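Student: As you go down the protein sequences, you meet chains A and B in turn. Okay, so the first sequence: first residue is 1 according to my numbering, each after it adds one. Okay, so the second sequence: first residue is 1001 according to my numbering, each after it adds one.
Please note that a few of the clues may not be correct.
Across the chosen pairs, the derived CB separations fall in these ranges [what the hints assert, rightly or not]:
{"id": "1", "chain 1": "B", "residue 1": "F1042", "chain 2": "A", "residue 2": "E69", "range": "40 to 50 Å"}
{"id": "2", "chain 1": "A", "residue 1": "S83", "chain 2": "B", "residue 2": "T1007", "range": "21 to 31 Å"}
{"id": "3", "chain 1": "B", "residue 1": "N1079", "chain 2": "A", "residue 2": "P111", "range": "43 to 53 Å"}
{"id": "4", "chain 1": "A", "residue 1": "P111", "chain 2": "B", "residue 2": "K1067", "range": "43 to 53 Å"}
{"id": "5", "chain 1": "B", "residue 1": "N1062", "chain 2": "A", "residue 2": "P111", "range": "40 to 50 Å"}
{"id": "6", "chain 1": "B", "residue 1": "L1027", "chain 2": "A", "residue 2": "S58", "range": "22 to 32 Å"}
{"id": "7", "chain 1": "A", "residue 1": "A17", "chain 2": "B", "residue 2": "L1054", "range": "27 to 37 Å"}
{"id": "8", "chain 1": "B", "residue 1": "V1060", "chain 2": "A", "residue 2": "S110", "range": "35 to 45 Å"}
{"id": "9", "chain 1": "B", "residue 1": "K1067", "chain 2": "A", "residue 2": "G61", "range": "33 to 43 Å"}
The hints are simulated quantities; they were obtained by calculation from the structure and are not laboratory data. Computed from a predicted model, the values in this text were never measured in an experiment. Glycine is no exception: its CB is placed at the ideal position from the N, C-alpha and C atoms.
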Amino acid sequence: GDSVTQMEGPVTLSEEAFLTINCTYTATGYPSLFWYVQYPGEGLQLLLKATKADDKGSNKGFEATYRKETTSFHLEKGSVQVSDSAVYFCALTTGYSTLTFGKGTMLLVSP
Amino acid sequence: DTAVSQTPKYLVTQMGNDKSIKCEQNLGHDTMYWYKQDSKKFLKIMFSYNNKELIINETVPNRFSPKSPDKAHLNLHINSLELGDSAVYFCASGTPKNNEKLFFGSGTQLSVL
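Could you build all of it, start to finish, from the sequences and the hints given here?
Tutor: Structure follows, in structure tokens:
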């Protein structure tokens, strides 16, 4: 079945540091890939997505590129802020299937 | 207006009790979901309803019973609560043709004592 593997957290960074959160996937067919973010005390919200190979999703300074050859969709940001502290979920779907989420990676950014 | 709203936000109860969590969406979506998030933030789907019909029922104890009176509402009733039911429960909604973008409620923190 489909699965998503994310790096374990927490990831602890200082403000303005570079962020990478790794995500790899296993899926039948050609999935669409997503990053969701969960801020403290809130539900998940879509951060960015990519629907085909080599697509780059971007939003709020975050980027992720759909790499079919390495089955990866790593999340990056050049300069993190304290307000980026949250839990980040990588996810995929194939066609009409329900989203499959990774286990989430907590990011903690200190001033 | 809140797109997906669930109540209550916090629920503290004793083992053995029965409780309900309500969810409503005003987005006109056909599909609604219940997810359970444990203390390690792992998110697991429990149920999915499409237009009031159950379409996904993962391995969940039958003490958990979803009810969808109409496509805008999906309530979760839990009988005989156990310690292991303590978690955050999220309601979400989406559309079958665009179900990758789910809209989540803000969660219900359930604590079973």
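Student: Indicate, hint by hint, whether the structure satisfies it.
Tutor: Taking the hints in turn, this is what the structure says about them:
no. : hint                            : in the structure
1   : F1042/B with E69/A: 40 to 50 Å  : violated (29 Å)
2   : S83/A with T1007/B: 21 to 31 Å  : holds (27 Å)
3   : N1079/B with P111/A: 43 to 53 Å : holds (47 Å)
4   : P111/A with K1067/B: 43 to 53 Å : holds (46 Å)
5   : N1062/B with P111/A: 40 to 50 Å : holds (49 Å)
6   : L1027/B with S58/A: 22 to 32 Å  : holds (25 Å)
7   : A17/A with L1054/B: 27 to 37 Å  : violated (46 Å)
8   : V1060/B with S110/A: 35 to 45 Å : holds (38 Å)
9   : K1067/B with G61/A: 33 to 43 Å  : holds (42 Å)
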